[in-house]
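Participant: Here are the chains, one letter per residue:
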Amino acid sequence: MRDSKVSKGEKHQQRRDVLKWLLGTWSIAVAAPGLKSLLEYVTPRKPQSTQTLIQRIASTADLEPNTAKVFKVNKDPVIVVHTATGQFKAFNARCTHLGCVVQFSPDETPPHFICNCHGSEFDINGKNIAGPASRPLTPYRVIVRESNILVAKI
Amino acid sequence: MEGIRTTVRTPSRFFEWLDERTRFGTLVQYLSTKTVPRHKHSLWYYFGGLTLFFFIVQIVTGVLLALYYKPIPELAHESVRRIVNEIPHGWLIRSIHNWGANLMVASLLIHMFSVFFLKAYRRPREVMWLTGVLLMLIVFGFCFTGYLLPWDTTAYFATLIGTEVPRTLPIIGDWGVSLLKGEEQVGSETLSRMYVIHIIILPLTALFFIAFHILLNQIHGSSSPVGVDDVKPAIPFFPNFVLRDFVCWSLGAAALLTIASLSPAGLGEIADPYASAPVGIKPEWYFLPLYQTLRMAPATIFGINGELIVNLLVVALSTIWFLIPFLDRNASKGVRSRWFIVAGIAMIGYLIVTIILAYTT
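Chains A and B, in that order, give the protein sequences.
For reference, each letter of the first sequence is one residue, going 1 to 154 in the numbering used here.
For reference, each letter of the second sequence is one residue, going 155 to 515 in the numbering used here.
Check before you lean on any hint, since a few could be wrong.
[Said to hold, decoys possible] A few chain A positions that, by computed beta-carbon distances, are all more than 12 Å from chain B:
hint	residue
1	G24
2	A31
3	R56
4	V73
5	P77
6	A84
7	T96
8	F113
9	A133
[Unchecked claim] Below, computed lysine to aspartate or glutamate pairings styled on DMTMM-like, alpha-carbon distance capped at 25 Å:
hint	chain 1	residue 1	chain 2	residue 2
10	A	K75	B	E337
11	A	K89	B	D426
12	A	K36	B	E337
13	B	K436	A	E108
14	B	K436	A	D76
15	A	K36	B	E338
16	A	K46	B	D426
17	A	K72	B	E232
18	A	K36	B	E423
19	A	K75	B	D328
20	A	K72	B	E423
21	B	K436	B	E343
22	A	K75	B	E423
23	A	K46	B	E337
24	A	K46	B	E338
25	A	K153	B	D328
26	A	K75	B	E232
27	A	K127	B	E232
28	A	K75	B	E338
29	A	K72	B	E338
30	B	K436	B	E338
Treat the hints as calculated values from the structure; they're not laboratory data.
Note that CB positions come from ideal geometry on N, CA and C, so glycine has one too.
Start from the sequences, fold in the hints, and give me the full structure.
Facilitator: In structure tokens form, the structure reads like this:
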């Protein structure tokens, strides 16, 4: 009896509301997994680790005291410095600010690393001492064996 | 006489035929009834059209460069060198593309600040402002993604820095960086992504927003500035304003050709990802304010990462800039709000000071 009091126009409106709701739900149900798949497609996968644990990079004769060189270790640039006191130290050469490759300044007192992009500076132990970089350079372990320089991630 | 009649009738018949099928006559009729206000600030009206002109130049020269360019790290630098040294007029086309980008940014900034100071964003043109700010971001996106393509040292380090900038942003930072780079370091995946964004995604997006921006301009017309009393009789948009626009485009073309010919775009050494960044490396002038701010920011500010604070500040300022029409409520009432003018002047001052500092320090 109550249903019969609902006018024809109201019935049409109810039907339209149900159809709108179904259309909306269906659109979301189709769009959400589609968007998820799209995001998965464009997000790069993390590379499988094929890194060499210890790598020979040079001979001790290649580096004069108070000089440094950048070597490719796995995919990273690693700066190896032969200090004036005869020590070998190695760091990931990527500046911890925005990733530029740092440079060794042997003529400064004391000698240190400098990033030419935004002027960050790091001491001989890789510690950030000036500029916008907020973290020290990532150190590598250096092993000198029979005049070969080997580096390894710590 | 019969012959003369025929030659006169032929084009009119053709246009009648065309009009019946396209109704383009309605558009011409509309454009000739539309008027553009005339006053002492009328000059600023031409910079929107000039920006569009430079954009068209970029599309044309970009298509020509894409015929020879190869987006692979091993080949990219060599292909650009070939365009410059071996392909007839290649140096000029590349130089026009390079300088065109600079002039497009300059013209766009002048257009945007003139709209800001003349309060042209006020009701009912809020959506025009929104599309304009989005177009500005798209143009900066063009400049950034195009910068890596020559694969020389400056391009490499500029992209390395640019792609690392968003890393400190909460939640989306790391994901955004990996999305831009496509791999851990800037490499072949990054070059492919920058190339696709530069020649497909951004042009399609830009064309959509430009069409929308121009459509809104045709609907609402040009705005008369708030507080200007010396308004002269308006001029018809077509043909009067269009012809003046054409003169402006011709001057823009002359300036672009002169600069591009006298100072051809250079090409540095091929990028070496394992070499130290060269001394004195700097981005293009329009990115210098951000560069200098990042350089001046201390490592930590009140214990918070300085870079994060700069990033959050840029996001906050961009959001405020985007929402200006809704924040400056006085403008819709025809009142010039002093604080917005002061803020605009302060912003221009900051941009100029940071550019000078970046060049001199």
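Participant: Hint by hint, which ones does this structure get wrong, listed from lowest number up?
Facilitator: 4, 5, 7, 8, 9, 18, 27
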